[in-house]
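Asker: In order, the protein sequence lines correspond to chains A and B.
Quick note: the first sequence, position 28, residue 507 per my numbering, numbers continuous.
Quick note: the second sequence, position 81, residue 136 per my numbering, numbers continuous.
Among these hints, one or two may not hold up.
[Unchecked claim] Straight-line C-alpha distance at most 30 angstroms; calculated DSSO-like pairs for lysine-lysine: (1) B:Lys173 x A:Lys539; (2) A:Lys550 x B:Lys186; (3) B:Lys234 x A:Lys572; (4) A:Lys539 x B:Lys129; (5) A:Lys592 x B:Lys234; (6) A:Lys539 x B:Lys74; (7) A:Lys550 x B:Lys234; (8) B:Lys234 x A:Lys539; (9) B:Lys173 x A:Lys609; (10) A:Lys656 x B:Lys234; (11) A:Lys592 x A:Lys539; (12) A:Lys656 x A:Lys609; (13) B:Lys173 x B:Lys234; (14) A:Lys552 x B:Lys98; (15) B:Lys74 x A:Lys552; (16) A:Lys609 x A:Lys552; (17) B:Lys234 x A:Lys552; (18) B:Lys98 x B:Lys129; (19) B:Lys173 x A:Lys643; (20) B:Lys173 x A:Lys578; (21) A:Lys643 x A:Lys550; (22) B:Lys98 x B:Lys234; (23) A:Lys539 x B:Lys98; (24) A:Lys609 x A:Lys578; (25) B:Lys186 x B:Lys234; (26) A:Lys572 x B:Lys173; (27) A:Lys656 x A:Lys552; (28) B:Lys129 x B:Lys74; (29) A:Lys572 x A:Lys609; (30) B:Lys74 x A:Lys550; (31) B:Lys186 x A:Lys656; (32) B:Lys186 x A:Lys572; (33) A:Lys592 x B:Lys98; (34) B:Lys129 x B:Lys191; (35) A:Lys643 x A:Lys578; (36) A:Lys550 x A:Lys578; (37) A:Lys656 x B:Lys129; (38) A:Lys572 x A:Lys592; (39) A:Lys656 x A:Lys539; (40) B:Lys98 x A:Lys572.
Quick caveat, the hints were computed from the structure, so don't treat them as lab data.
Computed from a predicted structure; not experimentally measured.
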Amino acid sequence: MKNGINLIILLFSLHILSAQVGIGTIDPQADLEVNGNTLVQENLQIGTLPFVQPADANFKLLTRINNSQPKGKVAVLDVDSLEVAPVNVINYKFIGINKDNLRDVNLQFDSNKYIVGLANFRYEGDPIEKVSQSVGAFVTRTFISNDAWHLEIRNRFLDLAEGKSVTYYVTLIVYDKSYYRNLPEIVTDLNGQNNGTASAVPNL
Amino acid sequence: MYAQIGINTNTPSAMLHVKGNVRLDGNLYLEEPGEFNVIPGSKLLVNSTSNNILQYDIERSNYGPINYVQFAFKNASTTGIQDYNTQISTIDYLVTVQGYYFTGPNNNTNIMSHSNNKAADIPGFQMYAYKNTTTKTWFLRGFFNNATFRAPVSGGGYDDVPVDLYMNLIIFRNGFISKPQNDVTIDMNNSETITAPLPPGF
């Protein structure tokens with residue numbers, strides 16, 4: 480902060496109005512070049528900001544750090560150096576399954592911080608057999624219990640026969656909630672109909 | 056002391072007003088930039104590989120942080136798809152299959168999976184993307200285990216038919232907002248419930 484004030488005094492006293500200005504440099508490469516840190520206490524407005532072009536690649540998202548010193552450091556989001564990215568893709572494999580039943584796997588991802596979705600499902604192994612011509616009810620889903628994400632994969636109604644086995648593969652997509660909003664559940668009583676309309680526009 | 060400063064302008068409209076380009080060699084701190092909570096009309100800011108701050112317009116860029124595409128496989132084998140090269144780079148992207156459906160010829164929904172073994176079997180399905188390490192591209196598989204796609208045929212009865220298989224892909228750009236984490240294998244030890252280890256950092 481002290482440096483900031485000094486710089487302003489310096490600029491004011493120099494009174495340079497139509498040339499390139501350097502702060503901390505005698506060879507400015509732009510209309511204003513600051514060779515050092517810059518602190519903007521209020522708004523920063525950029526009149527002309529070019530767009531990413533189709534040929535551009537590997538650009539990085541900019542973020543603002545709230546707890547930096549001074550506050551508000553602008554930083555590049557480099558997911559490769561972060562342990563947890565806004566979106567994380569994790570392949571899971573389940574072996575040693577009791578019949579076909581993953582009834583409740585506590586994945587331990589904090590539901591206050593993350594949203595967990597499923598992709599790339601693979602059922603590898605012996606088939607479940609029909610009973611009374613029914614295929615039962617095969618379920619793959621994630622759900623929240625006690626502030627943690629859980630996983631269920633199984634045929635709820637039917638079971639794999641003794642001596643048979645299955646291996647499940649599934650990819651979890653783990654979204655950070657500072658980037659992805661989890662809307663509250665939308666419940667609709669369809670009164671036996673097969674169509675309907677949400678009672679309100681979802682809060683998006 | 057508290058006058059406004061103009062660079063290349065005599066009428067500065069802020070404490071510091073630079074008419075032209077600015078280059079910052081050190082850090083930039085924005086102490087109180089204000090809050091903004093209206094998504095429509097706003098653009099994310101990105102830093103280019105040449106260190107320019109750019110607006111990110113998903114329609115102008117070659118890719119989004121998250122991309123959706125449907126692959127429509129017409130007239131696929133009666134056993135589905137074993138190896139399909141999407142030609143999408145495994146270095147730049149993470150490909151996930153997040154949904155699928157299938158129809159018979161002419162959008163006929165009268166089609167089913169049918170076990171090669173016995174009528175009582177319920178074939179499990181596998182709809183997924185995987186990395187081919189030779190081509191360094193994502194491949195797709197979509198099929199029911201030891202089964203064919205079957206539909207009613209004229210003259211009565213059922214027969215194996217080519218399938219129109221639709222796979223719904225979400226494609227994440229690597230190194231932007233998404234990253235792959237290490238694979239996890241969990242041995243259920245013949246239990247229906249377990250607490251899985253939490254990957255590091257979460």
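Asker: Taking only the CA atoms, is the gap from B:Lys173 to A:Lys539 under or equal to 30 angstroms?
Answerer: violated (54 angstroms)
Asker: Has the given pair, A:Lys592 with B:Lys98, been kept, meaning a C-alpha gap of at most 30 angstroms?
Answerer: Cα-Cα ~24 angstroms, so holds.
Asker: Below or equal to 30 angstroms on CA atoms is what counts here, so check B:Lys74 against A:Lys550.
Answerer: At roughly 26 angstroms apart (the allowed maximum being 30 angstroms), A:Lys550 and B:Lys74 satisfy the hint.
Asker: Verify the proposed pairing of A:Lys656 with A:Lys539, using a straight-line Cα cut of 30 angstroms.
Answerer: holds (20 angstroms)
Asker: Can you confirm whether the C-alpha distance between A:Lys643 and A:Lys550 stays at or below 30 angstroms?
Answerer: violated (60 angstroms)
Asker: Taking 30 angstroms as the top limit, are the C-alpha atoms of A:Lys572 and A:Lys609 close enough?
Answerer: Holds, at roughly 25 angstroms.
Asker: A:Lys539 and B:Lys98: Cα distance at most 30 angstroms?
Answerer: holds (14 angstroms)
Asker: Would the pair B:Lys98 and A:Lys572 pass a check requiring their Cα atoms to be no farther apart than 30 angstroms?
Answerer: Roughly 38 angstroms between the alpha carbons, so the hint for B:Lys98 and A:Lys572 is violated.
Asker: Take the C-alpha atoms of A:Lys572 and A:Lys592, compute the straight-line distance between them, and say whether it is at most 30 angstroms.
Answerer: holds (24 angstroms)
Asker: Given the hinted pair A:Lys550 and A:Lys578, is their alpha-carbon gap at most 30 angstroms?
Answerer: violated (55 angstroms)
Asker: Given the hint that B:Lys234 pairs with A:Lys539, does the C-alpha gap stay at or below 30 angstroms?
Answerer: holds (13 angstroms)
Asker: Assess, step by step, whether the Cα of B:Lys173 is no farther than 30 angstroms from the Cα of B:Lys234, and give holds or violated.
Answerer: Measuring from Cα to Cα gives roughly 43 angstroms; hence the hint is violated.
Comparing the model with each earlier hint shows violations of hints 1, 2, 4, 12, 13, 16, 18, 21, 28, 36, 37 and 40; every other hint is respected.
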